[in-house]
Amino acid sequence: MKKHIIFAVLSLWTSAALATGTQYSMRVDGLACPFCAYGIEKGFIKTEGVKSVDIDLKNGLVIVETEDGKTFSEDQLKKIINDTGFTMKSMTEKKR
Amino acid sequence: MKIRKGNKHNIGAVLFLTTASTSIFAHDPNFGIGPHVLFKNGIETALETQINQSAAQNTNIIGYQMTYGITGNWSAGATLPYSERKNDTQISTGMSDIKLFTKYRFWRLDSLGVQESAAIMFAANLNNGDSTTKPPLGNGANDLVTGLTYGYESIKWYRWSSIRYRYNGENNAGRRLGNKTLIDFVAGWRPVTPEYKKPDTVWLLELNTEITENNTINGNKVATSGGVESFITPGIFWTYRNFAIKSGLQLPVYRNLNNAQNKSNFRLKTTFEWHM
Chain L
28 MKKHIIFAVL SLWTSAALAT GTQYSMRVDG LACPFCAYGI EKGFIKTEGV
78 KSVDIDLKNG LVIVETEDGK TFSEDQLKKI INDTGFTMKS MTEKKR
Chain U
2 MKIRKGNKHN IGAVLFLTTA STSIFAHDPN FGIGPHVLFK NGIETALETQ
52 INQSAAQNTN IIGYQMTYGI TGNWSAGATL PYSERKNDTQ ISTGMSDIKL
102 FTKYRFWRLD SLGVQESAAI MFAANLNNGD STTKPPLGNG ANDLVTGLTY
152 GYESIKWYRW SSIRYRYNGE NNAGRRLGNK TLIDFVAGWR PVTPEYKKPD
202 TVWLLELNTE ITENNTINGN KVATSGGVES FITPGIFWTY RNFAIKSGLQ
252 LPVYRNLNNA QNKSNFRLKT TFEWHM
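Chains as they are written, first to last, in this note's numbering: chain L, 28 to 123; chain U, 2 to 277.
Since the hints were derived computationally from the structure, they do not count as laboratory data.
Just so you know, even glycine gets a beta-carbon here, dropped at the ideal spot from N, CA and C.
The reader is advised that the hints may include incorrect statements.
Said to hold, decoys possible - The following label-pair restraints were derived from C-beta to C-beta distances:
(1) G96/L with W108/U: 52 to 60 Å
(2) F267/U with S117/L: 46 to 54 Å
(3) F244/U with S52/L: 44 to 52 Å
(4) S117/L with V229/U: 47 to 55 Å
(5) A57/U with T74/L: 53 to 61 Å
(6) V229/U with T119/L: 50 to 58 Å
Unchecked claim - Derived lysine-lysine pairs resembling BS3-like cross-links, with alpha carbons at most 25 Å apart:
(7) K181/U with K222/U
(8) K157/U with K116/L
(9) K97/L with K116/L
(10) K85/L with K222/U
(11) K264/U with K222/U
(12) K198/U with K106/L
(13) K78/L with K116/L
(14) K135/U with K222/U
(15) K121/L with K97/L
(16) K106/L with K85/L
(17) K116/L with K105/L
(18) K97/L with K73/L
(19) K122/L with K73/L
(20) K97/L with K78/L
(21) K116/L with K85/L
(22) K105/L with K181/U
(23) K198/U with K78/L
(24) K116/L with K198/U
(25) K199/U with K73/L
(26) K105/L with K73/L
(27) K122/L with K97/L
(28) K73/L with K198/U
(29) K198/U with K85/L
(30) K78/L with K105/L
(31) K87/U with K198/U
(32) K199/U with K157/U
(33) K135/U with K181/U
(34) K181/U with K87/U
(35) K116/L with K106/L
(36) K121/L with K78/L
(37) K122/L with K105/L
(38) K199/U with K78/L
(39) K85/L with K199/U
The following block holds chain L by itself, in its conformation from the complex (with noise of 0.2 Å):
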C-alpha cells in the first residue's frame, strides 16, 4: 500500500513538472520605439504555444512565456525576430 502512494505522488510530480512552460528572456537589439515593437508581440501572439509577451524597451529585452511543454530552439526565436524587423543578440530560458 505505501509503495503505491508513493508512486502515485511520484507520478503526479513527475507529470507536474514535464508540464511547465517556458520563460525566454531575449535581447533584443534595434527597438527604438513602442509602435515599431509592436510587431514583436503580434510575431509572437500568433505562434502556437506563446502564452505572453512583455517588452522592455530600455533595456532591449523581450519576455516570452510559452504554455506548459511548449519550448522554441534559439535559432526558432531568432527567426521570429528576425522576421518583425528586429536583431535577437542572446536569450536565456528557464522553466516557470
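Chain U: place on chain L using the hints.
Positioned in the frame of chain L, the structure of chain U alone reads:
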C-alpha cells in the same frame, strides 16, 4: 510657348498631385520618406487627410491606404485617394490617381535601443483620376517614383534623409508635368523615454526641397512652370500600442520658380494608422 490661363490653372491643380503622399509608413516622416517597413505578414491600414492651400486653388484629399509586410524587410501596398479641388470659380470632387507602392529595406544595423537602416522604394501613380474635370482630378498619365532613404532611430533621437525622383508620363493631350526631384532631411526628438504599452510622442522637423523641371505640351516647355521650392515642416508622431497619429504642417521658406506661378501657402497632412 505660352499657354492659356485655363490650362495654367489646370496644370497647377494637378501639380498638387505630384506633391501628395508618396506612400506613408509607420514612424516615417510626414512629407519625406524613411526606411520603415512592416513586420512579416503585418497589415497596416491608414487614413490620411491632406489640405493644400495656395493663392489660386485649394485641394483636400482623404486617402485610404493598406500596406502588407511581405517579409520583415519588404512591404507593398496601395493608396486610394478621394479629392476635392477648388479654384476661384470651379470645384471638382472624386477619386484621384490610385497609387501602388513597394519598399525594400536592404540594409539594417541594430544595436541596443538603436536601429539604422536604408531602403529603396518604387511607386506608380495610375491614371484613373478624371483629367477632364475642371480643375482636373488626375493628370491623365501613369507616373513613376523611385527613392532611396536612410534612417537612424534611437530611444531619444531620430534622423532621416531621402531622395526621390518622380517621372511623369504624358497624357493624351500631349501634356507632361515636369519631372520632380524631392530631397528631404528630417530630425526627430522624443522628450520622454518610451515604455511599451504606454503612449509615446516624437517631435519632428523636416526640411523638404522640391526641384521641378518645366512642364511640356507636345514637347514644348511651358515657361510658367518648374523651379525650386523648399519647405520647413514641424510635425508630431503620437502612438499608443498599435495605433498612431502623425501630423505635419509644411510651410514654404525658399522659392525660385520660373516666371509667375501659383504659389503654395501651406500643406497640412494628418495620418491615422493601425497595425494589425
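Okay, the hints, checked on the actual structure:
For G96/L paired with W108/U, a C-beta distance near 40 Å fails the hint of 52 to 60 Å. For F267/U and S117/L, the Cβ-Cβ distance of about 49 Å falls inside the hinted range of 46 to 54 Å, so the restraint holds. Checked against the hint of 44 to 52 Å, the C-beta distance between F244/U and S52/L comes to roughly 28 Å, which is inconsistent with it. The supplied range of 47 to 55 Å is met by S117/L and V229/U, whose beta-carbon atoms lie about 50 Å from each other.
With their beta carbons about 55 Å apart, A57/U and T74/L fall inside the hinted range of 53 to 61 Å. A hinted range of 50 to 58 Å for the beta carbons of V229/U and T119/L is consistent with their spacing of about 56 Å. With a CA separation close to 15 Å, the supplied pair K181/U and K222/U stays within the 25 Å bound. Note on K157/U and K116/L: the hinted pairing holds, with a Cα-Cα distance of about 21 Å set against a maximum of 25 Å.
For a cut-off of 25 Å, the pair hint linking K97/L to K116/L stands: about 22 Å separates their Cα positions. For the suggested pair K85/L and K222/U, the alpha carbons sit about 56 Å apart, so the restraint of at most 25 Å is broken. Restraint check for K264/U and K222/U: the C-alpha separation of about 19 Å stays at or below 25 Å, so the hint holds. For the hint pairing K198/U with K106/L, the CA-to-CA distance comes to about 24 Å; that is within 25 Å, so the pair holds.
Only pairs whose Cα atoms come within 25 Å are accepted, and K78/L paired with K116/L is accepted, the gap being roughly 22 Å. At most 25 Å may separate the alpha-carbon atoms for a hinted pair to count; K135/U and K222/U meet this at roughly 22 Å. Annotation: proposed proximity of K121/L to K97/L holds, straight-line Cα distance about 12 Å (limit 25 Å). Simply put, K106/L and K85/L have alpha-carbon atoms about 22 Å apart, close enough for the 25 Å limit, and the pair holds.
About 9 Å separates the Cα atoms of K116/L and K105/L, which keeps this hinted pair within 25 Å; it holds. As the CA atoms of K97/L and K73/L are separated by approximately 14 Å, the hinted pair is consistent with the 25 Å bound. Simply put, K122/L and K73/L have alpha-carbon atoms about 21 Å apart, close enough for the 25 Å limit, and the pair holds. Distance check on the hinted pair: K97/L and K78/L sit about 10 Å apart at the alpha-carbon level, within 25 Å; holds.
For the proposed pair K116/L and K85/L, the alpha carbon gap of about 15 Å is at most 25 Å, so the pair holds. A distance of roughly 42 Å separates the Cα atoms of K105/L and K181/U; the hinted pair therefore is violated under the 25 Å criterion. Distance check on the hinted pair: K198/U and K78/L sit about 17 Å apart at the alpha-carbon level, within 25 Å; holds. Proposed proximity of K116/L and K198/U is supported: the alpha carbons are some 23 Å apart, at most 25 Å.
Between K199/U and K73/L the CA atoms are separated by roughly 22 Å; this keeps the pair inside 25 Å, and the hint holds. A threshold of 25 Å between alpha carbons decides the hint, and for K105/L with K73/L the separation of about 16 Å falls inside it, so the pair holds. Among the hinted pairs, K122/L with K97/L is consistent with the structure: their alpha-carbon atoms are about 11 Å apart, no more than 25 Å. For the proposed pair K73/L and K198/U, the alpha carbon gap of about 18 Å is at most 25 Å, so the pair holds.
Our distance criterion of 25 Å between C-alpha atoms is met by K198/U and K85/L, whose separation comes to about 13 Å. Taking the CA atoms of K78/L and K105/L, the gap is about 18 Å. The hint holds against a cut of 25 Å. Straight-line distance between C-alpha atoms of K87/U and K198/U comes to about 43 Å, which puts the hinted pair past the 25 Å bound. For the proposed pair K199/U and K157/U, the alpha carbon gap of about 16 Å is at most 25 Å, so the pair holds.
Using a Cα cut-off of 25 Å, the hinted pair K135/U and K181/U holds, with the two alpha carbons roughly 23 Å apart. Between K181/U and K87/U, the direct Cα distance comes to roughly 24 Å. Compliance with the 25 Å bound is thereby established for this hinted pair. At most 25 Å may separate the alpha-carbon atoms for a hinted pair to count; K116/L and K106/L meet this at roughly 12 Å. The suggested pairing of K121/L with K78/L holds, with an alpha-carbon distance near 15 Å, which does not exceed 25 Å.
Taken as a hint, the K122/L and K105/L pair is honoured in the structure, with Cα atoms around 19 Å apart against an allowance of 25 Å. The suggested pairing of K199/U with K78/L holds, with an alpha-carbon distance near 21 Å, which does not exceed 25 Å. Restraint check for K85/L and K199/U: satisfied, since their Cα atoms lie roughly 13 Å apart, inside the 25 Å limit.
In summary, the structure is inconsistent with hints 1, 3, 10, 22, 31 from the numbered list given earlier, while agreeing with the others.
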